[in-house]
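Peer 1: Line order of the protein sequences matches chains Y and G. Position 128 (the first sequence) corresponds to 128 in this note's numbering; numbering is contiguous. Position 17 (the second sequence) corresponds to 17 in this note's numbering; numbering is contiguous.
Hints are computed from structural coordinates only; laboratory data are not their basis. Take the hints with a grain of salt, since some may be wrong.
Stated by the list, open to error - Label-pair distances were calculated between CB atoms; the ranges are: (1) Y/Ser37 x G/Val87: 41 to 47 Å; (2) G/Pro65 x Y/Ala48: 57 to 63 Å; (3) G/Phe83 x Y/Arg101: 44 to 50 Å; (4) G/Leu78 x Y/Thr92: 31 to 37 Å; (5) Y/Arg101 x G/Asp12: 35 to 41 Å; (6) G/Phe88 x Y/His54: 35 to 41 Å; (7) G/Asp12 x Y/Pro111: 28 to 34 Å; (8) G/Glu99 x Y/Ser52: 27 to 33 Å; (9) Y/Glu23 x G/Asp12: 23 to 29 Å; (10) G/Lys23 x Y/His54: 36 to 42 Å; (11) G/Glu92 x Y/Glu23: 38 to 44 Å; (12) Y/Cys122 x G/Pro52: 51 to 57 Å; (13) G/Leu75 x Y/His40: 53 to 59 Å.
Just so it is clear, CB atoms sit at the ideal spot from N, CA and C, and this is done for glycine as well.
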Amino acid sequence: MAFAPPARHLLRARDLADARYFEPLGVDDLARAAGLSRAHFSREFRQAFGESPHAYLLTRRLERAASLLRGTDRSVADICLSVGLQSIGSFTTSFTRTFGRSPTAHRAAFPPAANQARVPTCMLRARGRPQHRTFREDSGPPRT
Amino acid sequence: MIRFANTQLWVDDQDEALDFYTKKLGMEVRADVTLPEVGDFRWLTVGPADQPDVAIVLMAIPGPPLMDADTVAQLRELMAKGFAGTVFLTTEDCQASYEDLKRRGVEFTEAPEERPYGIDSGFRDPSGNSFRLTQVRELATN
Numbered sequence: 001m002a003f004a005p006p007a008r009h010l011l012r013a014r015d016l017a018d019a020r021y022f023e024p025l026g027v028d029d030l031a032r033a034a035g036l037s038r039a040h041f042s043r044e045f046r047q048a049f050g051e052s053p054h055a056y057l058l059t060r061r062l063e064r065a066a067s068l069l070r071g072t073d074r075s076v077a078d079i080c081l082s083v084g085l086q087s088i089g090s091f092t093t094s095f096t097r098t099f100g101r102s103p104t105a106h107r108a109a110f111p112p113a114a115n116q117a118r119v120p121t122c123m124l125r126a127r128g129r130p131q132h133r134t135f136r137e138d139s140g141p142p143r144t
Numbered sequence: 001m002i003r004f005a006n007t008q009l010w011v012d013d014q015d016e017a018l019d020f021y022t023k024k025l026g027m028e029v030r031a032d033v034t035l036p037e038v039g040d041f042r043w044l045t046v047g048p049a050d051q052p053d054v055a056i057v058l059m060a061i062p063g064p065p066l067m068d069a070d071t072v073a074q075l076r077e078l079m080a081k082g083f084a085g086t087v088f089l090t091t092e093d094c095q096a097s098y099e100d101l102k103r104r105g106v107e108f109t110e111a112p113e114e115r116p117y118g119i120d121s122g123f124r125d126p127s128g129n130s131f132r133l134t135q136v137r138e139l140a141t142n
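Please build the complete structure, drawing on both the sequences and the hints.
Peer 2: Below, the structure written as structure tokens:
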């Protein structure tokens, strides 16, 4: 059986979800991008891609949130807003349901993001210098 | 086997750069951590979603003791003139990308133009770093 690729307008809507998930985008916006009524769009999208547009968009946001939890030291609240979600409570619920653990627990399951930081050695050496108290030999007049 | 991983660009402001590379260029954040023990050094990397192996390190211009004021001024001048470094990007449709990026506020120095190797354009990031955005032409083989 020949493979018929999803119609271009549905792909455009999906691309929009992938490209602009961090904006306050909803299924209505995706339907508008596809030029269809919301009900019609949801039906066609699910038929083409195997999941509802709502699920696709939410999953994109949660996947990005998981990546930010691992790779950054931003707060859970900040990450929630960064991926285009407004309610921290429902973000936490959706995340836990999808990943089997809370955002905080997910972050804790990996090495700290700071471990990834490849700080150039010259910077470590220059900025990591301890603030020393004046060494004895530098202070005061020489003893007679 | 030795492979390419990251390259580094100096930026004037990491928050401004982050906004540009993610919201305008559509790249994703790979790492963003601030290390208090190294004078609040912020390790910030971004990269295209479908190239997980490579990233651009957006590095804030350091001050003393690492870089003295004169060197910082020299570096800033080079960046402002667009000589600090060029990143080469490709796209499947240069004209479409050009229109999309312009709409998002990207400053183009060159609109798409026909070249022997394809269609090429140029833009800058907020710090003045140069970018080429090219739709590479498949070379015909005999």
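Peer 1: For each hint, tell me whether it holds in the structure or not.
Peer 2: Hints, one by one, checked against the model:
1. Y/Ser37 x G/Val87: 41 to 47 Å: Once the Cβ atoms are compared, 43 Å apart, the range 41 to 47 Å for G/Val87 and Y/Ser37 holds.
2. G/Pro65 x Y/Ala48: 57 to 63 Å: Roughly 58 Å apart at Cβ, these two residues keep to the hinted range, so it holds.
3. G/Phe83 x Y/Arg101: 44 to 50 Å: For G/Phe83 and Y/Arg101 the Cβ distance comes to about 48 Å; the hint holds.
4. G/Leu78 x Y/Thr92: 31 to 37 Å: Violated, since G/Leu78 and Y/Thr92 (Cβ atoms, about 46 Å apart) do not stay within the stated range.
5. Y/Arg101 x G/Asp12: 35 to 41 Å: Distance hint for Y/Arg101, G/Asp12 holds at roughly 39 Å.
6. G/Phe88 x Y/His54: 35 to 41 Å: holds (38 Å)
7. G/Asp12 x Y/Pro111: 28 to 34 Å: holds (31 Å)
8. G/Glu99 x Y/Ser52: 27 to 33 Å: holds (31 Å)
9. Y/Glu23 x G/Asp12: 23 to 29 Å: Holds, since Y/Glu23 and G/Asp12 (Cβ atoms, about 25 Å apart) stay within the stated range.
10. G/Lys23 x Y/His54: 36 to 42 Å: Hint violated: Cβ distance 23 Å, outside 36 to 42 Å.
11. G/Glu92 x Y/Glu23: 38 to 44 Å: This hint is violated: roughly 23 Å between Cβ atoms.
12. Y/Cys122 x G/Pro52: 51 to 57 Å: With Cβ atoms ~28 Å apart, the hint is violated.
13. G/Leu75 x Y/His40: 53 to 59 Å: Once the Cβ atoms are compared, 56 Å apart, the range 53 to 59 Å for Y/His40 and G/Leu75 holds.
Of the numbered hints stated above, those contradicted by the structure are hints 4, 10, 11 and 12, listed in ascending order.
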